[in-house]
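Participant: Here the protein sequences come in this chain order: A and B.
Residue numbering for the first sequence follows my numbering, beginning at 1 and increasing consecutively.
Residue numbering for the second sequence follows my numbering, beginning at 1 and increasing consecutively.
Any given hint could turn out to be false.
Said to hold, decoys possible - List time: in silico SDA-like cross-link candidates among lysine to any residue, alpha-carbon distance up to 20 Å:
| no. | chain 1 | residue 1 | chain 2 | residue 2 |
| --- | --- | --- | --- | --- |
| 1 | A | 404 | B | 265 |
| 2 | A | 392 | B | 143 |
| 3 | B | 143 | A | 138 |
| 4 | A | 392 | B | 85 |
| 5 | B | 143 | A | 146 |
| 6 | B | 143 | A | 137 |
FYI, nobody ran anything at the bench for these hints, they're computed from the structure.
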Amino acid sequence: MDVRLLDAEPTTAERAAVDAFLGPPLSTWVGADRADDGHAAHGGHSARAERHQLLPTLHALHERVGWISPGALNYIARRLTIPPADVYGVTTFYALFSLEPRAPRVLHVCNDAVCRCCAGSDSLVATLAEQIGPQGQEVGGVTWLESPCLGQCDRAPAALVVESGESPREVELASVTADGLLAVMDGQTPAPPPTAIPPQAGQPGLALLKRIGVADPESLDDYRAHGGYEALRRAFELGPDGVIEEMVESKLVGRGGAAFPTGRKWDAVARQPRRPHYMICNADESEPGTFKDRAIMEGDPFSLIESMTIAAYASGCERGYIYIRGEYPLAQRRLERAVEQARARGLLGDDILSRGVRFDIELRKGAGAYICGEETALFASVEGYRGEPRNKPPFPVDRGLFGKPTVVNNVETLVNVLPIVLKGGAAFARIGTERSTGPKLFCVCGAMQRPGTYEVPFGTTLRELLELAGGVAAGSKLRAVLLGGAAGSFITPDELELALTFEDARAAGTTLGSGVVLAVDERVDLPELLAAIAAFFRDESCGQCVPCRVGTVRQEEALARLRSGRTRGSVQDELALIAEIGEAMRDASICGLGQTASSAIESAMARLNVFNRGVSA
Amino acid sequence: MTELPMAPVKPPARLISVTIDGQQVEVPEGSTILDACNQLGIDTPTLCYGDTLAPANACRICVVELEGARTLIPACARKVEPDMVIHTDSERVRHSRKMVIEFLASSVDLSITPVAQDYLRRYDGRPERYGPPAPADPERDHKRTGHHEPPDGQTAATVHSPAKLDNDLYVRDYSKCILCYKCVDACGEQYQNTFAITVAGRGFDARISTEYANPLPESACVYCGNCIAVCPTGALMFRSEHDLRDAAAWDESRQTQTDTICPYCGVGCNLTLHVQDNQIVKVTSPDDHDITRGNLCIKGRFGFQHVNPQPRAPL
Chain A
1 MDVRLLDAEP
11 TTAERAAVDA
21 FLGPPLSTWV
31 GADRADDGHA
41 AHGGHSARAE
51 RHQLLPTLHA
61 LHERVGWISP
71 GALNYIARRL
81 TIPPADVYGV
91 TTFYALFSLE
101 PRAPRVLHVC
111 NDAVCRCCAG
121 SDSLVATLAE
131 QIGPQGQEVG
141 GVTWLESPCL
151 GQCDRAPAAL
161 VVESGESPRE
171 VELASVTADG
181 LLAVMDGQTP
191 APPPTAIPPQ
201 AGQPGLALLK
211 RIGVADPESL
221 DDYRAHGGYE
231 ALRRAFELGP
241 DGVIEEMVES
251 KLVGRGGAAF
261 PTGRKWDAVA
271 RQPRRPHYMI
281 CNADESEPGT
291 FKDRAIMEGD
301 PFSLIESMTI
311 AAYASGCERG
321 YIYIRGEYPL
331 AQRRLERAVE
341 QARARGLLGD
351 DILSRGVRFD
361 IELRKGAGAY
371 ICGEETALFA
381 SVEGYRGEPR
391 NKPPFPVDRG
401 LFGKPTVVNN
411 VETLVNVLPI
421 VLKGGAAFAR
431 IGTERSTGPK
441 LFCVCGAMQR
451 PGTYEVPFGT
461 TLRELLELAG
471 GVAAGSKLRA
481 VLLGGAAGSF
491 ITPDELELAL
501 TFEDARAAGT
511 TLGSGVVLAV
521 DERVDLPELL
531 AAIAAFFRDE
541 SCGQCVPCRV
551 GTVRQEEALA
561 RLRSGRTRGS
571 VQDELALIAE
581 IGEAMRDASI
591 CGLGQTASSA
601 IESAMARLNV
611 FNRGVSA
Chain B
1 MTELPMAPVK
11 PPARLISVTI
21 DGQQVEVPEG
31 STILDACNQL
41 GIDTPTLCYG
51 DTLAPANACR
61 ICVVELEGAR
71 TLIPACARKV
81 EPDMVIHTDS
91 ERVRHSRKMV
101 IEFLASSVDL
111 SITPVAQDYL
121 RRYDGRPERY
131 GPPAPADPER
141 DHKRTGHHEP
151 PDGQTAATVH
161 SPAKLDNDLY
171 VRDYSKCILC
181 YKCVDACGEQ
191 YQNTFAITVA
201 GRGFDARIST
211 EYANPLPESA
221 CVYCGNCIAV
231 CPTGALMFRS
241 EHDLRDAAAW
251 DESRQTQTDT
261 ICPYCGVGCN
271 LTLHVQDNQI
281 VKVTSPDDHD
291 ITRGNLCIKG
301 RFGFQHVNPQ
311 PRAPL
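Chain A on its own, in the form it takes in the complex (with noise of 0.2 Å):
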């Protein structure tokens, strides 16, 4: 033991909590007893090299006591020879953490951009402020807190109760009321919705969304009934090189909003000589808006294990992750049963359908931080350290996860593959247009008739995914869309005719982003919406490098100003200075939150002149 420790011992229930998760400590270097490892400690490189497991292990303390106690936080250290400060370090980085008692139920009620400003979620936190008291607020065993946007937003208003204990318990709520979330303060625990399903669902021609509301999702024996694993079995014939062939000629892009090309990603891995290689799973899903990843996970998710295994068999990797969000514990849920029953039946393992493909995945958890998505950022995350993003080159291709080449694709990115292996790379290419091919996911979502995730092939026009939704809610008219989330930008109404395309998003000015369409009609006050946007960066910016850390409060505040109308100097004055802060954050930030963190309110003042119409709250 060469960490130097504090005088704090864990409860019984905390050493429990943690033992239960990484088994009994063998040897004092780690905790155990003096007696109990005859004398012989051993650790060193060996306890260290355990870093990785310190994110579960605090969700495993976590759920047990609903918070980390400087003992619980000793003993982790010990157990994992991280230095408490570090450990400290780490455990303040993530929002769902809290290193204060709270109370053994806590409700988290969504006030983010769309439950806010379209779905009146602030009145709820009024009533509950005004009923209960200020949130953090211990009444009776339960307490209330806002959230940052909890991917449901086709379903608005969104809350989501963690109850921690003996048998901890998370339940998403959706559409839900005051009356609902006054019930939940006053210690019931309502039943969790029916599971979202796509509006489309069940309707032919579909390829992404086909099984969802189809298949159970639950049975791996449905999921064969319905055309599952058959695409890895034409993967082993087409062998790892035919895959990235197909792959590259599908000319398939990530659709997590860098849109690179992924077959180049898999083919560059699958070329390095340094072992191991990793795949990663990015279903850190968390931009204001989105939620199609959700969907997929939720809806089909063996679809995305079975890509997942392709992926690694093309690129060579033995070793996956699934990076998802800590705010989705029925997605959760459903993929750690999906990977069981994989793993059951030798479809993941060390022989994977007899043909001697060794690939395994491990699902981990974020615990409430958007920054996670960004890739260098989770890979410290799953690494153990605060989730900070670090500068490219080098790409992760070359250095990723522990320094090693790794292929990182977002969730809908992966289930493009299954199509694209199935029917072949060219036939793929055939759907959309000649530079964004294949079917795309949307989320959408604010003042329509019916949100909800919607696939399309590229180049669908705006104006006809808004049909297909419905249109904009009854009785109200459209002022502006959102695209491509809160790193996205606005449009206006007489741009509807833009066709669904990554180039026809940039020769516009905007972009597809996360695949979000934010419909914003007159009632709502784009001010807030604004200010709601520039919120969520201040509180999501991991705060390393000082164009973001400062830029995003200084840009908030210039906000907050002029919804105020209290400016400094003129309006004109506050918006040179907004695009003058944005200047910076694109430019000089590390990684692409800050580089986009000004985006939609950028392109809100040029476009929708918001607030030269003298606009205020």
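The hints should help you fit chain B onto chain A, whose structure is shown.
Facilitator: Structure of chain B alone, referenced to chain A:
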């Protein structure tokens, strides 16, 4: 003196040719853009960079424009690649540098950061345009991650918080902290391997902290003071310097610097004694010393009180 055995000589590094502000320069492979700028005599602003530590690449004031790159890139961390074409004084570069120094000057106390006023002048920074600074927040160590009170924008948020005077040797005044990560790196794996401090929290609420913000005497700190040695802003400071500054008696123009060898053990670290009015007020070690690289232990750094003339105890 007999020659010490030398490490095997490495083959000379390949030279890489890059163009900076229209001038071509060749630097050894593995050099950074900052190295190349230095070779050309181009003065590049830095804050989080320290020549004895790996680049933290956090402040972003050294950004330069690389032709073909979408964003600006940090000169301190980015290695040169053949035929890079770099601009260090373009409109974009000047703008981002101005904003970085404005952002810091409007949120952090840079009153004793030697280069801050230079950079503000050089890039025409006007930190006052963000409004009057918000007052110190005694609760800064206990901010809930991912939450903040909506601002009204009438004051500019700051990192100001009460200075921490919890031991006799040094003071931590995080109102002056630009979060350059250097103290954490020096305390941790780059030098001391003590790991007493970390970056805690997130975003604007990120701060340097011990576990649970415990006072230093309860932490793993061994008082080597190597964090003080790398701190660029005076957030970490000898107690002796802090007390003199408090009494308005700190005067570097009256100080002498004397190099000597630490007498405590046989390692032979170089010490630089900073003396004012015949009192040692601070001890450093030269950054370019090939043994210490600016680092010392508690004895070399702080074990000087017995040398200073003491007030004679009454008989």
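Participant: Next, verify each hint and record whether it holds.
Facilitator: For each hint, the structure was consulted:
no.: 1; hint: A:404 / B:265; verdict: 43 Å, violated
no.: 2; hint: A:392 / B:143; verdict: 31 Å, violated
no.: 3; hint: B:143 / A:138; verdict: 18 Å, holds
no.: 4; hint: A:392 / B:85; verdict: 18 Å, holds
no.: 5; hint: B:143 / A:146; verdict: 15 Å, holds
no.: 6; hint: B:143 / A:137; verdict: 15 Å, holds
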